[in-house]
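Novice: Now for the letters of each chain:
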Amino acid sequence: MSAVMITRKVRKWEKLPGKNTFCCDGRVMMARQKGIFYLTLFLIIGTCSLFFAFECPYLAVHLSPAIPVFAVVLFLFVMAMLLRTSFSDPGVLPRALPEEANFIEMEIEAANGNVPSGQRPPPRIRNVQINNQIVKLKYCYTCKIFRPPRASHCSICDNCVDRFDHHCPWVGNCVGKRNYRYFYLFTLTLSLLTIYIFAFDIVHVVMRSVDQGFLNTLKETPGTVLEVLVCFFTLWSMVGLTGFHTYLISLNQTTNEDIKGSWSGKNRGQNPYSHKNIIKNCCEVLCGPTYPSVLDRRGLMQEDSPTLVTSEGPCSFDNPVAQTTKTTAPLIPNEHTPEDVKPSIAASAEKSPSPKEDHSPAPKLPPLASPETDVETSIVKNH
Amino acid sequence: MGLIKDTFHNLQELRNSASLANKVFIQRDYSEGTTCKFQTKFPSELENRIERTLFEDTVKTLNNFYAEAEKIGGHSYLEGCLACVTAYLIFLCMETRYEKVLKKIAKYIQEQNEKIYAPRGLLITDPIERGMRVIEISIYEDRGSSGSSSGSSSVSGSTAR
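Chains A and B, in that order, give the protein sequences. Quick note: UniProt numbering has the first sequence finishing at residue 383, numbered continuously throughout. Quick note: UniProt numbering has the second sequence finishing at residue 161, numbered continuously throughout.
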């Protein structure tokens, strides 16, 4: 007789830390606040619908049928870019698992040496030299990693994002390494669409007013007024934003670096990531390789919940060993830990040995983040 | 498929006859920028577990794979432009170059584990499982139970130790 185990298949996205929301069983990844994103959708779809309803019939007949066709193509491209930016993983860096976090902690302790009690330990910074420029890598207390160069922690999504540009509420997601080019194409094509609609609205009003008079035109196509209003305000912001990002791309800088002034000013040094050639920079950002997501949102996690044991047989079912790992893993102080607790935490971190050796009957199934589960998942992936 | 099942069994045997002692994390080398590259510095924990040259070869080969995946040249431009023109819908049916190289990397790591690392009681974890931040190498200590019949061929080397 043996214990009966129920295995519930859980996908990895359900267990991801951070403040993202996931849809379609992990295929879609967005920030929590999506209100402004819905507004963006509404404005774009609404304005285009008005354009197709009011202006296009007239323009197709009186000018050319190519006009609405091109508008449709532009509209579809804008929507594709917007959805791609909003729904994809911007380049989130997964948090360090307990063993990696401990390893880094011990390296830091070793590097710091003995800090006299009562004194603050030095800030956690690693210096690397990139293209003859010293770049400081900061330690992220939330993710427990030293952030790679150009990565930054987004407080809204509570994730470290690689090549972090900014968090855009209009698309409801962070803009980072993986979706920057879609974001740029979105701003570019939306600017073009806005200019296009604005221009043809004016053309339409002028043409019709010649026949029917201005007021009659407005009575027949009331949507035009709304469109012109929306387009007018959108135009300035979108064209400005596109221009700004074109400038950033030509210098291979992120919005984050620009705001912080990392590479501007005499004493800051030069941007080590720039190829010093505008075309090369543009090509790298826009036509570079498409980076894969390292999150594996749709991978399966094995979660076993044991039910009744019918005998005292030799088989030992697995307890959630992950919990025991958590309780014995040394606490790592973060910026919220009160000052007086920090030295004691650091002391206990040094004293506690590797947790697994102390444990009693070697668990049949190792804790979640062990090579076994990794090998399993990687083998599952290979099929 | 059979080979993979065998490997899995063999690695399972390794796990059953050995216990995890330690993990070493090979960090990223950022000296050339943000491209994916790992440090080839030999960690002291692996001192008497594996030959230096074997380890360095593995890391250098991995670095070459990643360099190939991230290379910016004619092929990546073509892929980028083609994808852009089709509003990136082409990626629904086509695999990107990076994904192809990642598959090669997974196969290479599995091969290395089977042939070189598992017999020495080590196991490499694919960096993509750790967010491409580190190469995690798990070090196993043999429990020394020579009575147990570990009939697996790939770990027969470890029972002799």
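Don't read these hints as lab results, they were simulated from the structure. Fair warning: there could be bad hints in the mix.
[Unchecked claim] If you want the footprint, here are the derived chain B segments under chain A, 3+ residues with CB under 8 Å:
(1) 49-63
(2) 68-74
[What the hints assert, rightly or not] Dumping the calculated DSSO-like pairs for lysine-lysine here, alpha-carbon to alpha-carbon at most 27 Å:
(3) K115/B - K103/B
(4) K276/A - K260/A
(5) K103/B - K9/A
(6) K136/A - K280/A
(7) K15/A - K103/B
(8) K280/A - K71/B
Each residue gets a CB set at the ideal place from its N, CA and C atoms; glycine is no exception.
Novice: Against each hint, give a clear statement of whether it holds in the structure.
Specialist: Each hint, compared with the structure:
no.	hint	result
1	49-63	violated (count 0)
2	68-74	holds (count 4)
3	K115/B - K103/B	18 Å, holds
4	K276/A - K260/A	21 Å, holds
5	K103/B - K9/A	24 Å, holds
6	K136/A - K280/A	25 Å, holds
7	K15/A - K103/B	25 Å, holds
8	K280/A - K71/B	13 Å, holds
This entry does not satisfy hint 1, going by the numbered hints stated previously; all others are met.
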